[in-house]
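J.: Two chains, each in its own frame: build the complex with the hints.
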Amino acid sequence: MKNKIYKICILSKLIFLLFSFSIQVKCYEENINSEANSYAISLINNILNYKMDEASCTTIQEFIDNTLTSNAGVSSEWYVIGLSQYDNYDFSRYEQSLINYVNNNEIFSSITKIKYAMCLSAIGSTNRYITNVLNDSIGKQGIMSYIYGLHLLNNHYQSETYTKDELINILLSLQCNDGGWSLTGEKGDVDVTAMTIQSLSVYYNVSNEVHESIEKGLVFLSDRQLIDGDYMSYGNSNVESTIQVLIALSSLNINCINDPRFIKNGKTLFDGIKKYQLNNYTFSHILNNEFNENATVQVFYGMIAYLRMNNEKSSLYIFDKCDYQNVDKDVISKVNDTINDVTNNISIKYYIIICIIVISLIICLTLLILKNKNIKNYLFIIVITLLLIIILLCLNISTSNEYYGDDIKKDNPIGTVSIEIRCDTIIDKDNKDYIPKNGIILSIDQWKIEENETVYDILIQVAKKYKIQVDKEGVNSNIYIAGINYIYELQYGSLSGWMCYVNGESIPISCSAYIVYPNDHIEWLYTCDMGNDLK
Amino acid sequence: MDKFDEYNPIVIFTYFIVVTSLTIFCFNPIIILISLLGAIIYFNLISKNLRLQIQYFLLFILIALINPIFSHNGSTVLIVINDSPITLEAIVYGGFTSLMIITILYWFHSFNEIMTSDKLLYLFNKISPKFSLVLSMAFRYIPLFNKQSNKVKQTQTTLGLYKDGNIISRFIGGLRVFSIMITWALENGITTADSMSARGYGASRRTSYSIFKIRLKDIIVLFSIITLTISVIFNIVNNEITFTFYPTMIFPKLTIYSIIGYIAYIIIVLIPSINEVKERIKWKLLLSKI
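Top line first, the protein sequences correspond to chains Y and W. Just so you know, we're using the numbering used here here: the first sequence kicks off at 1 and counts up by one. Just so you know, we're using the numbering used here here: the second sequence kicks off at 1 and counts up by one.
In isolation and in its complexed conformation, chain W is listed as follows (with noise of 0.2 Å):
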């Protein structure tokens, strides 16, 4: 078998949308601690950014205090901060929605890895090829946006901008490569735009040719993952999985049909990752072969 990204796109994009946006909506902390477990197991498989993650983490403590500071609904009262209840309800509130955030960046960053520009184009063609071109040209804007502030950033250093090393300087050494980035955004967006239309964009019909086919691997993963999102829907439809947070905490009781949609959604979010591992293992017996 191939790995994950070797899969037609209309399968990898299905599949992201669907781990998401049941992650989204669920809003079921056993499905989100599932979700952010696969997360975590595939972002490893295909990058190790350590330092991308502890960021990560201290985004999650944030988000995860903002939440009791503003909402004072919920039974358990902890303390009380000038009439204004902290309440234990609220807290963990926070915290799965910080967790549920987290857990959708750490998605989404696996989906940029593995989603390239062709496959986008291959995917919106149909629909509409200016839309899959625009959607390309945002996509690939981050990374670009990331390399010349880098760039800048470089510069600005053997200038001798940051030589004080402290956070304050850091900090308004910072603002100041922002301000630069903004200006060279703008002008870049001039010349790309002056630069297209000088190479006759938008004079025909726009055509486009892409290596990716439908084989049978990818019907039977993609019906997979439809037959087993069914379940975790049928759940949710059913309020098998709904947990209340206010004003007290309400565990859903676990009924076989629950049991199937948490498993079910097990297996959704280890797909990549099994895949992956097992494609390694393969290598490493073929290279032992040798």
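Only chain Y is shown next, with the shape it has when bound in the complex (with noise of 0.2 Å):
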């Protein structure tokens, strides 16, 4: 008796061994005789197990319906990209979830809305988000959202505003006279460099200027790379900077571990990527630090870019289960969108002159229950409603949706401008959330002009495009700015304030008097000393 329920005990732990490391078992098989590879798949599980454990979910797909699910838009994008190029798994709970999301949600991020785009397209979702995004949100947001643009059309959707080949002409455009691509400025970046070739990698052996492009790139990328195998990018070396760069290399089915163009001193990629690994499952974003949940989740899927690239799959952005044909091109939303715009305009400040004449005829009721028989009272009353009537018609009034993040039509423009917004001086005296770590609230390198436009005006207009709050003081051609960014003047002393300087010197007027022209650098910086500690 004994024995049997000890052999059932054994059985069924057996079984159970099976059930829980059949993933790990099916994917050893396949591939077990490259070191890289099987350090690939055991990454992957072992993060995917440190997040299961964490969740605390037993399979994959309950870590999906559970976690993923219910962080859907906030953080789970990029493993749901990932898990749905690594293996068949049932997103549709997911799904739902990520269109409630983007539904009840305002987003303001072009990129942001293409990535989740990019998601629902990775997971064969059909709806009709994507379309949208499709039609709106490509170029809207620099030279991010040409990359992640190209990868949805790469899926063989297609936009309204763009097509592939200008897309590609546009990414060709934008590289720098070094290889590289960047965010601003004539200088590559590892990171950007590395995402465009992975956007482009789809016609390198399409197009001829495509392919000198990427060679060029990649001979940037070459040279950048640092000692140990990994890539530096904004003065750190990182982590996720070398999976980029693992990514597009895999994408153009180069393997790093065989290029002799990406071994420095015998360490390769993988070299690199080691080196910032905490334990089995987690990485830190630059060396020695804490563990770091973005980089962690860039290792991932740049794994998964690599085992699909020798399991001779395509590369992690050109979706398995896209169903481009069947995607719902129904754009009636943005008609409506577009009509709803117009209503709101007009609907805020109609609101409130409603407001106004439904309390004046409160007033003029309770006089008349109160038996106030005086014509001369109503009449001031009626008289005090048109006032501010009319008062109302003259202001320029706006939601705070429509007044931010639109871009601003310049018909003619005579040149541009580079603009900066810094508070450098007081980054070590407060550690406020509003306050940027490095002291830079906004740098622009080219912002177009028109003729006769003042210092106050560009700064209104980035603050508009990008959500900045200013405070503003006077009229007309007497502006101060008492604040930006919710740091106001006279906060850190009695002699703070912000500052104006053009080219180097501050400006001696008013900034709604000093007229900018082309290339001028204009800089506001944050003061404790009158400025004399700024210069």
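I should point out that these hints are in silico values taken from the structure, not numbers from a laboratory. A few of these clues could be false.
Chain Y stretches covered by chain W per the calculated footprint, using a threshold of three residues with CB under 8 Å from any CB of chain W [stated by the list, open to error]:
id, segment
1, 157 to 168
2, 392 to 401
Derived pair list, reagent style PhoX-like, types lysine-lysine, alpha-carbon separation capped at 25 Å [stated by the list, open to error]:
id, chain 1, residue 1, chain 2, residue 2
3, W, 213, Y, 373
4, W, 119, Y, 371
5, W, 278, Y, 432
6, W, 213, W, 119
Think of the CB as a built atom: it goes at the ideal place given N, C-alpha and C, for glycine as much as any other residue.
T.: In structure tokens, the structure reads:
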């Protein structure tokens, strides 16, 4: 009897073990020979197991249905893109959750919108949101929105605003002289270069121009590789840049452990990645730092990209499950949006005016109830109401959604200026949330200007575009800027406040009287000592 | 126990100074609301002036609306008027500033009712008899001004001034009465000064007499007020109840200390009302026994 129970116990344990490790076993069977390959597989499994342990789930499907679904739109997107390209899972619950999220939340960033569309496309959704994003968001937010947009179009979608060729040409034209690409400026950045190559990789063997351009980019990336095999971006060597290069190479079918261009002192990209590994499953952003979620998820899908190359599958961003033929092309919602915009524009003023009229009517009624029969009283109220309405009609009222974030149309640009808003002087003095750690509130290289625009006009325009709070005092040509980004004058001593420098010299008159010319460099700097601590 | 105005003037004066200064210097929404509640309850117990309270409410709206027009700080933008954002934070800040002012007005109105000039004289005699006289004259001046302006208004009405009864004519009439009152005030001031010097004011050192004594219950109440105040001040010093309005509203976390502070302040604020209610119940009971 005892023996029997013992046997059953062992049997059930074996079955349990088989079940729990079936995923790992399946992957191990396919590729055992390559060391890098097994490292990649073990990393993916370790990260997944760690994430599942954290959420106390037993299967990956459960992890998708619980943790990823509840975090849809917040933190799960890259895991979902990775997992959907890794194996067959059911994402229907997650899909519903993400669609709810995008419908119920106002998303300002075009890049984030395209990211959601990519995610939906990766899990085989046919929701209308993809079409909306294709038509509205591509190219709205600089180079990253072109790159992500091209990823989407590479999956055979059609966009009304851009064709594939247009996007390719734009990306090629944005290449810097050193062979790289960058968000701003003339010097290539490793991350952006790698990501651009990822999106252009599909045309590597199709178009000669793209081929040449990518070759230049590869030379750039090869030059930038550090002696440990990793990469540096914005002054720090980090794991994310290294991972992006790995994905770029994998999408070009270049195996980074064989290619001599990407081996420095015998160290490959994988050695570069291992540097940042904290334990079996977590990674830090920079060397010897603490656990970083972002770094870990990038390693996760980077390894998947590498595996896909080894398994002769398409690159990471060509989605297996993509259902581009059946995508919902209904554009009714877009038309509705524009109508809503127009009505919104009228309505806010409209509502305030109605409110005022209702209030004055209530006052009139109370007077009537109190049996006040003097006609002059009513006349007085009517005159006050009319005055208020006239003042309201003269004012330019808009809601915050209408006001912020829109592109400003410039019909006759005469050139560009660069503008910087910085608060370096106070980063050590305070650690409030709204003070940026590096002291840079805004830095734009090229901002189109028209004739006779003042420093103040430019400030208001960029504040409008990038949703920065600006508090001004005064009118017309006597405007004084009291606060930018919640940092106010007199907040850090009696000599503190915002100062404006154009081409390195502080302007002698009000910012709304100082006219800018092309190629000017405008700086808004926060001083704690009347400008003595700035230059 | 006595009604609150029968305590020693030192207790009453300390009480009002503590309550109003805590309301002003904390600038914490909960403290302001507690203070307002206490002020309204006590005000309605000792004088039922509905008209004044409606005026206070209108004043509240007026002051509350001014802040968002001039302050554009705050991260929750509601609407943008001519490139200037109107933010939720500025509106809330304006609302609480305005509430604070109304609360202080309520307290001072009650203070005026309780603190008669003989009490003020008693309080400041030991410091400076001259100062206490000037103070009591100044306090007397406001009701005197009101009384006189009513008189003038009535005279003007009999002369046929306010017969239209509309806002514009009332406004013009009010201006006229005000101008008359200024003349009267200046004249009255000179008359008072003349009369005082004629009666020998300033000829020798002033003496004064007062009927107030410090009794045991005064000491008990004074001691409890001071103890409770220290527990609130402890919270202020330790930043337990500091409310941040800009750029986003951050409410301080409720800790044991801050809850004790709030409860202490509730007790402080309700002391006069409790006294008043207790006294009334006692009175009713005594009446029913007869």
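J.: So, for every hint listed, does it hold in this structure?
T.: Tested hints:
Only when three residues or more bring their CB closer than 8 Å to a CB of chain W does the claim for the segment 157 to 168 of chain Y stand; here the count is 0, and the claim is violated. Closer than 8 Å: that is the beta-carbon criterion, and the segment 392 to 401 of chain Y has 6 residues meeting it against chain W, so the requirement of 3 holds. For a cut-off of 25 Å, the pair hint linking residue 213 of chain W to residue 373 of chain Y is broken: about 58 Å separates their Cα positions. With a C-alpha separation of about 46 Å, the suggested pairing of residue 119 of chain W with residue 371 of chain Y is violated against the 25 Å cut-off.
A distance of roughly 50 Å separates the Cα atoms of residue 278 of chain W and residue 432 of chain Y; the hinted pair therefore is violated under the 25 Å criterion. Distance hint between residue 213 of chain W and residue 119 of chain W is fulfilled; the C-alpha atoms sit about 11 Å from each other, no more than 25 Å.
Hint violations for this structure: numbers 1, 3, 4 and 5, all remaining hints satisfied.
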